[in-house]
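Chain A is fixed; fit chains B and C onto it per the hints.
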Amino acid sequence: MEWIVGLQALLQATVRMATPLTFTAVGETYGERAGVINIGLEGLMLIGAVVAYAVAFTSGSIWLGVLAAALAAMVFGVLFGIVTITFGANQIVAGAALNLVGLGLSSFIYRAFFSNVTDRAIQPLGSVKIPLLSQIPVLGPVLFEQNLLVYIALLLAPLAALVLNRTMLGLAIRSVGEHPKAAETAGLSVVGLRYGAVAFGALMAGVGGAYLSVAYANQFVENMVAGRGFIALAIVVFGRWSPMGALWASLLFGFTFALQLRLQAANVQIAYQFLQILPYVATIVAMILLHGQSAQPKALGVPYTERA
Amino acid sequence: MTTATLSRQTGAVLWRNVALPILAILAALLVGALMLTLSGFNVAAAYSALWSGVFGSVRNLGEAMLRATPLILIGSGIAIAFRCGIWNIGAEGQFYMGAVAGALIGLTAGNLPVWLSIPMALLAGSLLGGLWAAIAGWLKVRLGLNEVVTTIMLNYIAIGIVGYLVTGPMQEASRYNPQTDEIAASMVLPRLFPGMRVHAGFVLALILPVLAAILLFRTPFGFALRAVGFNPVAARHAGINVNRQYVLAISLSGAAAGIAGAVEVLGVIGRLYENISPGYGFTGIAVSLLAANHPLGTIFSGLLFGALTTGAELMQLTAKIPSAMTFILQGLIIAFLVLFRAIQERIWRQG
Amino acid sequence: MSEQAPRLRLAGISKHFGSIQANNDVSLEVAAGEIHCLLGENGAGKSTLMNILYGLVRPDAGKIFLDGRPVTIHSPHQAIELGIGMVHQHFMLVPTLTVAENVILGTRSLLSLRRLRESVLWDRRAIERRVGDVVQRYGLKINPGARVASLSVGEQQRVEIVKALYRGVNLLILDEPTAVLTPQETTELFKTLRSFAASGLSIILITHKLHEVMEISDRVTVLRDGKVVGRRTTCETDMHELAGLMVGRDVRLTVEKTLARPGAPVLMIENLTVVDDEGRRLLDNLSLQVAAGEILGVAGVDGNGQRELALAIIGILRPTSGEIIANGQSLIGRTPRQIADAGVRHIPEDRQQMGLILEFSVADNFVLKAFDRPPYTIHGLLQPSAIIAYAQTLIERFDVRTPSPTLPVANLSGGNQQKVVLGRELDSRPRVLVAAQPTRGLDVGATEYVHKALLAQRDAGAAILLISTDLEEVLALSDRIVVLYEGRIVGEVPGDRANVQQIGLMMAGVQGAQSAARQEANMNEV
Chain A
2 MEWIVGLQAL LQATVRMATP LTFTAVGETY GERAGVINIG LEGLMLIGAV
52 VAYAVAFTSG SIWLGVLAAA LAAMVFGVLF GIVTITFGAN QIVAGAALNL
102 VGLGLSSFIY RAFFSNVTDR AIQPLGSVKI PLLSQIPVLG PVLFEQNLLV
152 YIALLLAPLA ALVLNRTMLG LAIRSVGEHP KAAETAGLSV VGLRYGAVAF
202 GALMAGVGGA YLSVAYANQF VENMVAGRGF IALAIVVFGR WSPMGALWAS
252 LLFGFTFALQ LRLQAANVQI AYQFLQILPY VATIVAMILL HGQSAQPKAL
302 GVPYTERA
Chain B
45 MTTATLSRQT GAVLWRNVAL PILAILAALL VGALMLTLSG FNVAAAYSAL
95 WSGVFGSVRN LGEAMLRATP LILIGSGIAI AFRCGIWNIG AEGQFYMGAV
145 AGALIGLTAG NLPVWLSIPM ALLAGSLLGG LWAAIAGWLK VRLGLNEVVT
195 TIMLNYIAIG IVGYLVTGPM QEASRYNPQT DEIAASMVLP RLFPGMRVHA
245 GFVLALILPV LAAILLFRTP FGFALRAVGF NPVAARHAGI NVNRQYVLAI
295 SLSGAAAGIA GAVEVLGVIG RLYENISPGY GFTGIAVSLL AANHPLGTIF
345 SGLLFGALTT GAELMQLTAK IPSAMTFILQ GLIIAFLVLF RAIQERIWRQ
395 G
Chain C
42 MSEQAPRLRL AGISKHFGSI QANNDVSLEV AAGEIHCLLG ENGAGKSTLM
92 NILYGLVRPD AGKIFLDGRP VTIHSPHQAI ELGIGMVHQH FMLVPTLTVA
142 ENVILGTRSL LSLRRLRESV LWDRRAIERR VGDVVQRYGL KINPGARVAS
192 LSVGEQQRVE IVKALYRGVN LLILDEPTAV LTPQETTELF KTLRSFAASG
242 LSIILITHKL HEVMEISDRV TVLRDGKVVG RRTTCETDMH ELAGLMVGRD
292 VRLTVEKTLA RPGAPVLMIE NLTVVDDEGR RLLDNLSLQV AAGEILGVAG
342 VDGNGQRELA LAIIGILRPT SGEIIANGQS LIGRTPRQIA DAGVRHIPED
392 RQQMGLILEF SVADNFVLKA FDRPPYTIHG LLQPSAIIAY AQTLIERFDV
442 RTPSPTLPVA NLSGGNQQKV VLGRELDSRP RVLVAAQPTR GLDVGATEYV
492 HKALLAQRDA GAAILLISTD LEEVLALSDR IVVLYEGRIV GEVPGDRANV
542 QQIGLMMAGV QGAQSAARQE ANMNEV
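Residue numbers (my numbering), protein chains in the order written: chain A, 2 to 309; chain B, 45 to 395; chain C, 42 to 567.
Here chain A stands alone, though its shape is the one from the complex (with noise of 0.2 Å):
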């Protein structure tokens, strides 16, 4: 039955797809959770993917490169959350600025340092087949036979909603994006709580990022991204404010990406154009149908002053 192993492809690469949306919208919903909304994500992917990818070359190392993304991409939140949290300056300016600077730096760094490099790809971080449970028809090589990064990011999102309603830190974050005084006067630190979520943030985004040159495309290609950071920010808004939402938003639009790429490659007669434009008018139709359902972080965007 051809077509069933055209739809396990089609799945398989849906997961794959997801993954980076996965990493980087579990990441974003913490830290809107907490109040602070960063649009830089598109900027953090793509420091991630470059840092990612040039220490891998570099140290032969991918996992070396993965974490080495996670910091990079960790310290530019940091320098955004003291920029907002620290200093209450608009948060949308400040991540517009971050684009930005993501945009130019993974261009500068590459083009600074591989320009003159000829043989470009890294090795491919490959799959590892979970026993038994990859033999489950169809679903098996779907779920269990994928890179662990994937497996990763299939866990993160189940532990991040653990963590965030079931335990005193998650309650905490809650509290301090619904309504960041009464968490102060009881007794919590609502910067502590915001830098650490912006900061978790920021790190998965660089994660996401990483997957992306070194377990996707095995190189790393300008402006990379190609609007995925933008596309984990909707994430957040219809998986509402939930990691297993995001997870489920992920798959969605992981099947869209995989969707397009396999119309493409069976020249199917649509433009491919119209194919590659899928993902973002999904998003749309997407929020308009999930429209007026409020779950939005009552404090989510607005500075906070301790102490006023």
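Hints were generated in silico from the structure; no laboratory data involved.
Even for Gly, the Cβ is constructed at its ideal location relative to N, Cα and C.
Misleading hints may appear alongside valid ones.
As the list claims (entries may be wrong) - Sample of chain B residues at the chain C side, in silico, Cβ under 7 Å:
1) R262
2) P264
3) F267
4) A271
5) F274
6) N275
7) V277
8) A278
9) H281
10) A282
11) G283
Leaving out everything else, chains B and C in the frame of chain A:
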């Protein structure tokens, strides 16, 4: 409550709109220099190339004016949107849609007299750009959709549309490259000075900000728009139709970006193909922010960024520094600007 | 009596914000088991002082002693550790979380491997039981599993108290706790507080209500303009003396008012109903009338439909059904601008959010509802000189203190900001005026001004709907009083023979209160 408060006010305004942008630029250049040194580049060579790219020759100044044209146009429009409190991040897509309209008219209206065909093209550009922005505005007021996300999505959709058009219905007759034919020679915007590429569109780039400023500060429409930007609740209580202001503000913003696109096609490129914009839409945001969202200020910040782009190219040519450096500098300028402004706000409030 | 150090001693506390000295060398003492009132007007420095005690604000000078030991309090966390709890005027509760979650917020470590068990909330039910125990022990009657957003205001305040008790406080601060309670709920609260005090808890009550001070406190400290102007043992003083200390001059506790000469009804509201998205009836078949030259006071506890009533009249809120008629014209379906032009003006309950654009100049705020008409706009262009000239006349007429009409209105004091609103709304000689909480956050001088302005409008023939949660204000100004409860008018009394007890019962929705009130009024007449 004395005249001390009044002079404190003026002082704060001057700081905010003149001194802080200058400081932000200096800070950005400083960090940029640090970065270049760490990457092993020669900072002196780099920045001297940057400088001569701007002030080196009259020709370079002309280039700066050329690059500034779309930036000023887009920036003025963004100033209008931001002053209304609606975040138009979609200038890139609106620019492209304007370019499409401009190219369309440019390809078909060559037989008409110039005083008719060129304004038609510009008008078409503004209409299509404005409409593209109005989509996001309508989604915001009708369904409450966050305009930051919708305008960004519309950017990518617009780029896709352009790609489709130049490889399909609007592709050149020879069907060889993904581009349109050249527009009618009569419709190409005239050059302003011999030997330089800067064209009549620059004149428009000086006029539009003035019109935008008049609109914002001397008309009741602008009054209502600014009221909504500061306090939509009170504006509503005052009888202002807040939703209408949002949609009109973002539409005007899109129209400005659309004109910029049409002007770029008519004045510089002469046809339509993919990637005619090296991120004008996003740089336009930086231009407006640097000008404290004042249309007249965008003339200066637009020229600055135009000069920066020219200088960066020279930097790449002579000092081998990737021109992506402009994006880094732009981002740093905005980051420092918004940081310094936030600090000033804190100090002023406690003072 | 043994020489035991007092539970709390504040010595020489000073704090300034910019050029304002909020606290100036303030000292005070509270003993264990004492209920101490901190009395003063708005802006006297009471909240600042308590915020310092709770670690939200750092003092410029002064010392704090708890049980004789000097302490420095850098944060609410520290204050809590030292046994100080605070119930804020504006609740510090996260609406989307449950009661139990709000109570335990911040009580356990967030991220600790040693206490991992603690920081992971596996068993929701156990936590709710723990919180429930505290609730039971103090007789506070709330459901620990309920979402705070679904609780009434009185219940939410009890949650705030539970928060403090759960942490084991021995000094409890309450900031204007009765602002949101009916007289009956206030009695309940005071009973609770007395039992706390009897068990050794020290209580500081911040208030500006004199009768409360007399009713509940053992001792009182009076603040004025940041300084302590008097310390009294409550049973050795009276309201008159306290009022004098609070204000600094001999105070007339009632306002001069001529007899009303009401004319024909000008504002008529019939069966007005407003239903929200969740089906709750915020206004429920409400009917009332206001005549020209009359002030109709709408009393009631905040949250019973006051906001919706005002917003429906001025056209911001579209009612579900019913009719609003002003000067013979229906207002339903008209835009706010049309309604304002028809002579129906509004003094909003939140001047900074609804009534002013803080970043705009004083002059621009004056023309906020007229800027697009001549003479302020001619041929499509604004006329700054006309606007400023108009502003100058209003500044003079309404005694607005500002160095220039072009200054952003944010720079003005609360009282002067309210005068800008008054100027704009009253200059057009409205036929109908909806005044919602017109003196909220204003000092005595500004309050007096507003009251005089309202009476002047009344005497000029305006029909005024005064919506206020300040019962004293309603009693002082109104010719007739109606009580709003759960979106309905539950009673009406004449303004000069009103009985606070009866009104309080009506505010709490007690049935039969209206007829009892009428009976009493009739009896008093005889």
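Should the hint that B:R262 touches chain C count as held when the rule is a Cβ pair under 7 Å? For B:R262, the interface hint holds, since the closest Cβ of chain C sits about 5 Å away, which is under 7 Å.
At a threshold of 7 Å, is the proposed contact between B:F267 and chain C supported by beta-carbon distances? 5 Å, holds
Quick check on B:A271 please, does its C-beta sit within 7 Å of some C-beta on chain C? 5 Å, holds
With 7 Å as the cut and Cβ atoms as the points, is B:F274 at the interface with chain C? Nearest chain C Cβ about 5 Å off; hint holds.
Does B:N275 pass the interface hint, meaning its C-beta sits closer than 7 Å to a C-beta of chain C? 5 Å, holds
Interface hint check: B:V277, Cβ to nearest Cβ on chain C, cutoff 7 Å. Holds or violated? Since chain C brings a Cβ to about 5 Å from B:V277, closer than 7 Å, the hint holds.
Against chain C, with CB atoms and a cut of 7 Å, does the hint on B:G283 hold up? 3 Å, holds
Interface hint compliance - B:A278 to chain C, C-beta minimum distance less than 7 Å: 5 Å, holds
Residue hint B:H281, partner chain C, criterion CB-CB below 7 Å: 5 Å, holds
Let's test the interface hint: is any C-beta of chain C closer than 7 Å to that of B:P264? With a minimum Cβ separation of about 4 Å from chain C (threshold 7 Å), the hint on B:P264 holds.
Does B:A282 hold up as a contact with chain C if the rule is Cβ-Cβ below 7 Å? It holds, given that the least Cβ distance between B:A282 and chain C is near 4 Å, below 7 Å.
Hint violations for this structure: none, all hints satisfied.
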